[in-house]
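S.K.: Mind assembling these two chains? They're in different frames, but the hints should get you there.
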Amino acid sequence: QVQLQESGPGLVQPSQTLSLTCTVSGDSISNSAYNWGWIRQHPAKGLEWIGNIYYIGSTHYNPSLKSRLSISVDTSKNQFSLKLSSVTAADTAVYYCARVGRVVVNFDYWGQGTLVTVSS
Amino acid sequence: QSALTQPPSASGSPGQSVTISCTGTSNDVGGYNYVSWYQQHPGKGPKLMIYDVNKRPSGVPDRFSGSKSGNTASLTVSGLQADDEADYYCSSYAGSNNYVFGTGTKVTVL
Numbered sequence: 126q127v128q129l130q131e132s133g134p135g136l137v138q139p140s141q142t143l144s145l146t147c148t149v150s151g152d153s154i155s156n157s158a159y160n161w162g163w164i165r166q167h168p169a170k171g172l173e174w175i176g177n178i179y180y181i182g183s184t185h186y187n188p189s190l191k192s193r194l195s196i197s198v199d200t201s202k203n204q205f206s207l208k209l210s211s212v213t214a215a216d217t218a219v220y221y222c223a224r225v226g227r228v229v230v231n232f233d234y235w236g237q238g239t240l241v242t243v244s245s
Numbered sequence: 029q030s031a032l033t034q035p036p037s038a039s040g041s042p043g044q045s046v047t048i049s050c051t052g053t054s055n056d057v058g059g060y061n062y063v064s065w066y067q068q069h070p071g072k073g074p075k076l077m078i079y080d081v082n083k084r085p086s087g088v089p090d091r092f093s094g095s096k097s098g099n100t101a102s103l104t105v106s107g108l109q110a111d112d113e114a115d116y117y118c119s120s121y122a123g124s125n126n127y128v129f130g131t132g133t134k135v136t137v138l
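Chains as they are written, first to last, in my numbering: chain A, 126 to 245; chain B, 29 to 138.
Bound-form chain B, shown alone (with noise of 0.2 Å):
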């Protein structure tokens, strides 16, 4: 199983919003609505901002939110907040209990 495939980066000032792709296959991303999105601090464990495509757990801002078309995932950070600067991956259950990530993607706020 291949790593699914995000942009390096991506940026926006304050206030604006940027959106991030997760581009699988038919075998992950396309064929199951369990893509998740995490954010990453440096020197920190992951959190989970979104799962089951567009759902945010308890306590996650509604700035965040995503998307998913055929093979395509998408996270949106709307609203962007000096905090939001981190490393977000997405991930895609694979069947077979399988799982994958993404590649990962730099966000900074200009």
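Here chain A stands alone, though its shape is the one from the complex (with noise of 0.2 Å):
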């Protein structure tokens, strides 16, 4: 069975960087059927795609975060992680890690998703 955690700060300060890693068991994230992705979801708010890596490290990233953004994958480790700049309020969410499908083309595992708070 797939499984993916997340884990990190649950408290980032306006400004600062949101870094967030996703350990990945039951697969191995060098499966070459499948990328890795992070989603969000903003307090009783729908779902937000932020971004996949493949794992030779090549990335895809939501246009309206992409200058923020950097993923990146570790699979000695099997994790990929976040990292989100010059946060702000408007980042608070709840942030999920997922396997995405590249030819079957879906999010087919979640993680239990993490709560990450901007505030000072």
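Keep in mind that the hints were calculated from the coordinates and are not lab data.
Restraint-style ranges between C-beta atoms, simulated for each label pair:
no.: 1; chain 1: A; residue 1: 153; chain 2: B; residue 2: 85; range: 14 to 24 Å
no.: 2; chain 1: A; residue 1: 229; chain 2: B; residue 2: 71; range: 25 to 35 Å
no.: 3; chain 1: B; residue 1: 71; chain 2: A; residue 2: 126; range: 14 to 24 Å
The beta carbon of each residue, even a glycine, is placed where N, CA and C say it ideally should be.
M.R.: Dropping the structure here:
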């Protein structure tokens, strides 16, 4: 069974960088059939796709976040990570990581999510 | 890219059917057969219910079905059960390795 688990600080100060890691178990992050993605959900709001990464390091970002966003992968640890810079209160959200099919296009496994609050 | 439009709420009595719409554009829903639907219970991560417009992953009951016409996709839940009460989100591939989600619909089982 594929499982994903988000980890990272729950509180980030405004203007700082939000950093999260997703640890994958039950599948290899080098599986060529999948990308690995980040999605967020603002409080009581809908889902917003943040970006994806393929195990060789190629990335695709939501254009609205691209200038502040970096997603990386560590195949030795079976993890991928998110960095979002210059955060504001508008970045307060539950952040999810997910497995993203490349041929069968969907987000088929999700983490439980982690709440990140941007506040001083 | 703008969020796909869903009605905020939908409801039905146990045993009845409810249909949720998801409206996009020719650049997303209308342009690709890569519409998927997700169920989210409070405090939980989303669960894939439908992919490729109308395919069900293993383990998802056949009470859940999907369809698409033009720029609008739909999810139908037949034979409503109490556990179907949740938020539902559609998603579509939007080209150039971009994805867009819907605004979400809260389904209430009366």
